[in-house]
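In case you want the letters, here they are:
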Amino acid sequence: MTTNNDNIFNLILASTVHDMKNSLSMLGESLNVILNTVEQQNLDDKTKANYGVVQYESSRVNNSLMQLLALYKLENEQLPFNPNYINVHDFFEEQRLRQLHLLEAKNISCEIDVDESVEAVFDECLLSTVLENIIGNAIRYSKSKILLSCTQTETTNILVNDDGPGYPSEMIEMAGSYIQGINQSTGSTGLGLVFAQKIADIHSHRGKLGSISLSNNGRLNGGTFEFKIP
Amino acid sequence: MLSLANKKILIVEDFAEFARSLRGMLHPMGATESKIVNNAQDAIEACNTTKFDIILSDYNLGPKKDGQQLLEELQHQQLIKSSCIFIMITAENTTSMVMAAVEYVPDSYIAKPFNGNLLQARLQKAMEKKQAMLEVNRALRNKQWVEALKIIDTVKSEHPKFKMSCLRAQITALKNLKKLDDALKIAEQIASVRSIPWALESIGEILYLKKDYQKSIAVFSRLVAEFPMSVDGYDWLAKVQCVIGESQAAQKTIEEAIRRSPKVLQRQKVLGAIAEENSDYQTMAQAYRDAIKYGQYSAFSSTEEYLQLTSAISTQIKQATAQQAIQGEPEQPQEDNDSSSKSEEQPELDYNKLKAEVARTFENIDAKFPKSESKQLQTKLANAEFLFATCENDEADVLVEQAKETYINLSQQLDQDTSISVCKTLTQMGENEFADMVINTAAKQYFEDSDFIVRAAKSCNKPELLKLCKQASRLNALGIEYFEKKDFQNAANAFSQVYAMAPGNINMSLNYIQSLLKLSTSSEKRVELLETTRKVLESIPQIVFPDPRFERYKELKRLTLLLLEKSNLNQVAREESPTEPDV
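Top to bottom, those sequences are chains A and B.
The numbering of the first sequence is the numbering used here, which starts it at 116 and goes up by one.
The numbering of the second sequence is the numbering used here, which starts it at 1068 and goes up by one.
You may find that some hints are simply not true.
[To be verified] Covered stretches of chain A (in silico footprint by chain B; criterion: 3 or more residues with CB under 8 angstroms from a CB of chain B, positions within the stretch not fixed): (1) 129-138; (2) 141-147; (3) 177-186; (4) 197-205; (5) 212-219; (6) 250-262.
I should point out that these hints are in silico values taken from the structure, not numbers from a laboratory.
For glycine and all other residues, C-beta sits at the position ideal for the given N, C-alpha and C.
My request is simple: use the sequences and hints to build the entire structure.
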């Protein structure tokens, strides 16, 4: 039997990610247990804020792990891609609920603007991982409001708008090559956008690839992330 | 607003902390009755005593059954009601499709970590869909295809949101009604708008059913090219390749599927069967080893993979022995340095290890599966086959004789696959005459099933079976034609001829009975006809649930007895009232 280095990495990565994810859930659960021993009203603002930080950071680590694993699988043709008709309003609602704790902690409202009958064809799991990261970032930078919207022309466009300061112009200009955005010094890992780009790529239809783009001065006068499905 | 008050909820989770946290999430939704268990076995026991409304189960449940196997077991044993919502909690976001390669799919997947709000939304969505589709799914499960189509039309107009699920159900119903062109039209319509994996799969399957194998292969090839993780696509592709005789290509295809998703019992069994056809006994043995391993906690594990493993090992040993006989003593150094002839051979066999493995396999069959005549018969034969391979001919002969005796004294008919496998094993051991008898008997018992006859003719190398069954099939088709035209006299005549040709064939006997019953309601010779019916009924060998013919047998038996009783009463009444005209 020959032992393949690649196989070792494959095995270790998958099992380690699961293990780390389990650890994260356990951390979160333990924190909940500790907090439950204290009456909610007795929590001071500082403790509440710290609690929010732990939750936010652990969900960020979790999301990064998911993206890492998915990228690895994508390179090895092991990433399941299962597009189906999805109700966009329901999908947005789930994204909002996923982040509800953080939205409430930071006192940010999240609105949804899409007709309840609108459907689009995409892989729900994959796009959900993309948006979890993007919305998480939007919450970090927005002042008071986030808007999830969708327009349908010849493409379906999924938009995350915030009322923050907008994306830096270097990032916007990097369209199509977010891998260059990986920059240790600015602290941007680039993972979120690289992942989004890859997931857009596999959402192809009749020879056309999906795409992502960033812009400013969107509907809330802040940054806008757009995921285009052909 | 979702209320879980009075809903019976089961939480299956091996992490106690997480289970408690789940319960905590359910509490604000009004849940009062939630039970926590930490493994699949306990979940099955809980479902034995309580009919739950909602089951939340982790996919990873420790070393034994996983969440998917739990769901399969619950469905298989019918331990959950059709309205029960089953939500699978996964560690990853992307497992759904790999797992969709199985027969039973949960109502929803939810990836860890999640909060109560998300869980609530998922539950609400799942319940809404379950409610809307309840009647459709019930009709499909009861195989009431025409009824299902009617309900689907209503649901489609009332719930446009579930249009895709409705279309999918519609394709299933049409397929089962053999309205293949209608089913194909819907699937092609969906796939022409967008490439949806399940729609492509439906197209490929319908083309296969239409015996348009080349087109079917093209569709499945497209499916796996566009969606490399669509393991169903590979399974199907391999199946069609097998049918058109491309078993080498089929083996490569199924190996691709296994590379992507190895832990599926059924898939390993398919590889084993294809490898056997390709005389690749090493791969065959390994596939059945894996089938046993991954099927250890599955509701679908059977003696088949165990017996096939011993058979593969027996053949491996037999071949190696034959090879040695040609090449001389294996210990002798090779005279020439040509190593290429060596590399073509199977790797060196470790006899002691294989012997121990076979012994262990037989022990496991005994321990794991309930005693049955058919199991006994097959185990004896497999054991004999192995003893022949290891040159212990006397012991083998004894077992063969015992097996024959078991066969002759069977109280129930063998099923199709067992008949083929018994015939094959007997042939391999040179028992051609007895093997012929076994397969000829089975051919009569199941001749109306052309798939089986084709399979049997091929596996047992007996092309004459096809001809033998044609006449009976033609008569049966004629009988059905008369029956559908309500010409019960001619139908009964045709079926009585088939019955005479193949008295042990249960479906034919039931056809005959059904036509006799119909005839008796309008015929003057009612009493006579019902007596014949009774005789045919009594000639049917024992069948029990879950034999697919059992339900029909039960119903026809009930009708026959009812009509017999009624006719006896009438006769008595007639005898008592002389004013009635004589019949």
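Structure-based check of each hint:
1. 129-138: Coverage by chain B holds for the region 129-138 of chain A (3 residues, Cβ < 8 angstroms).
2. 141-147: holds (count 5)
3. 177-186: The restraint on the region 177-186 of chain A holds, since 4 of its residues have a Cβ under 8 angstroms from chain B and three suffice.
4. 197-205: holds (count 6)
5. 212-219: holds (count 4)
6. 250-262: Check failed, 0 qualifying residues.
Hint compliance for this structure: hint 6 is the single one not met.
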